[in-house]
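Based on the hints, put chain E in the right spot on chain B.
Sequence lines, in order, name chains B and E. My numbering applies: residue 118 is where the first sequence begins, and numbers increase by one. My numbering applies: residue 118 is where the second sequence begins, and numbers increase by one.
Heads up, a few of these hints could be off.
Same chains, same names: a pair is fine if it fits in one copy or spans any two.
To be verified - Under the rule of at most 30 Å between Cα atoms (straight-line distance), these lysine-lysine pairs were calculated in the DSSO-like manner:
1) Lys175 x Lys198
2) Lys188 x Lys198
3) Lys238 x Lys224
4) Lys198 x Lys238
5) Lys245 x Lys198
6) Lys188 x Lys175
Everything labelled a hint here was simulated from the structure, so no lab data went into it.
Protein chains: 2
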Amino acid sequence: MTESWLNRVNWATDGLVPAIAQDAVTGRVLMVAWMNREALKRTAESGEAVYWSRSRKKLWHKGEESGHFQKVKEIRLDCDKDVVLLQIEQIGGIACHTGRVSCFFSKLENGQWQDTDAVIKNPEEIYKNE
Amino acid sequence: MTESWLNRVNWATDGLVPAIAQDAVTGRVLMVAWMNREALKRTAESGEAVYWSRSRKKLWHKGEESGHFQKVKEIRLDCDKDVVLLQIEQIGGIACHTGRVSCFFSKLENGQWQDTDAVIKNPEEIYKNE
Numbered sequence: 118m119t120e121s122w123l124n125r126v127n128w129a130t131d132g133l134v135p136a137i138a139q140d141a142v143t144g145r146v147l148m149v150a151w152m153n154r155e156a157l158k159r160t161a162e163s164g165e166a167v168y169w170s171r172s173r174k175k176l177w178h179k180g181e182e183s184g185h186f187q188k189v190k191e192i193r194l195d196c197d198k199d200v201v202l203l204q205i206e207q208i209g210g211i212a213c214h215t216g217r218v219s220c221f222f223s224k225l226e227n228g229q230w231q232d233t234d235a236v237i238k239n240p241e242e243i244y245k246n247e
Numbered sequence: 118m119t120e121s122w123l124n125r126v127n128w129a130t131d132g133l134v135p136a137i138a139q140d141a142v143t144g145r146v147l148m149v150a151w152m153n154r155e156a157l158k159r160t161a162e163s164g165e166a167v168y169w170s171r172s173r174k175k176l177w178h179k180g181e182e183s184g185h186f187q188k189v190k191e192i193r194l195d196c197d198k199d200v201v202l203l204q205i206e207q208i209g210g211i212a213c214h215t216g217r218v219s220c221f222f223s224k225l226e227n228g229q230w231q232d233t234d235a236v237i238k239n240p241e242e243i244y245k246n247e
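Excised from the complex, chain B in its bound form:
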């Protein structure tokens, strides 16, 4: 299969674009990570989200350590072709490394960031096999 669709993406000078993972059922925005060309290619081919870890400088098959894989239902690109939006099924119901459903658990209230969402599972329990 041709990969010309990958050339249509406006990769930044560092070769990356932000990728949003949205719960396909609830519509909740779960996390934002980064993708390079290889990450997006593998995501499309495998049907599971693969990102580029900027801190570890390597491909990151989401769930490889936590078991919290993301089954990809749909891949979209925005009008500037520089942001990817994934509709996903979040295995385990936890996207965040803190053990919460979503990484966006901090809410601005009265000039302060307030943590709003419950921790579903203790991170030590999630990453116990590391």
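Okay, now just chain E, sitting in the frame of chain B:
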């Protein structure tokens, strides 16, 4: 009011973070733009989305040309404190400069990006006062 909450954001070396605008009612992800400290401050103070235009290198009060302002219902930050998520009411029901509801109208199907969503209003009509 103290602005220490702005210091909690992990601004990138260029002073920016990505900001996602999500429709507070439908849950649809409408667009992603960028914010610097001043943009986020103004967004919080005014209750309308203000971004940093990387192309024009200036603050961009979304809707200032199109009339498609975004009323901000909630501001969240992710666990890495480097992505902002806005819950908004999209005035005019159009977030995209192409005249569509959302900027994410391009969908990957059979190895091609397919435009899926209807143009609600002709961009020439939207930006006629420019």
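Consistency of the hints with the structure:
Both within a single protomer and between protomers do Lys175 and Lys198 lie at most 30 Å apart by alpha-carbon distance, with minima of 23 Å and 21 Å respectively. Taking the shortest Cα distances, Lys188 and Lys198 sit within 30 Å of each other both inside one copy (22 Å) and across copies (25 Å). When the C-alpha separation of Lys238 and Lys224 is checked against a cutoff of 30 Å, the pair qualifies only within one copy, where the shortest distance is 20 Å, while the shortest distance between copies is 34 Å. In this assembly of identical chains, Lys198 and Lys238 lie within 30 Å of each other by CA distance solely across copies; the values are 21 Å between and 36 Å within a copy.
When the C-alpha separation of Lys245 and Lys198 is checked against a cutoff of 30 Å, the pair qualifies only between copies, where the shortest distance is 25 Å, while the shortest distance within a copy is 38 Å. Taking the shortest Cα distances, Lys188 and Lys175 sit within 30 Å of each other inside one copy (20 Å), while across copies they are farther apart (38 Å).
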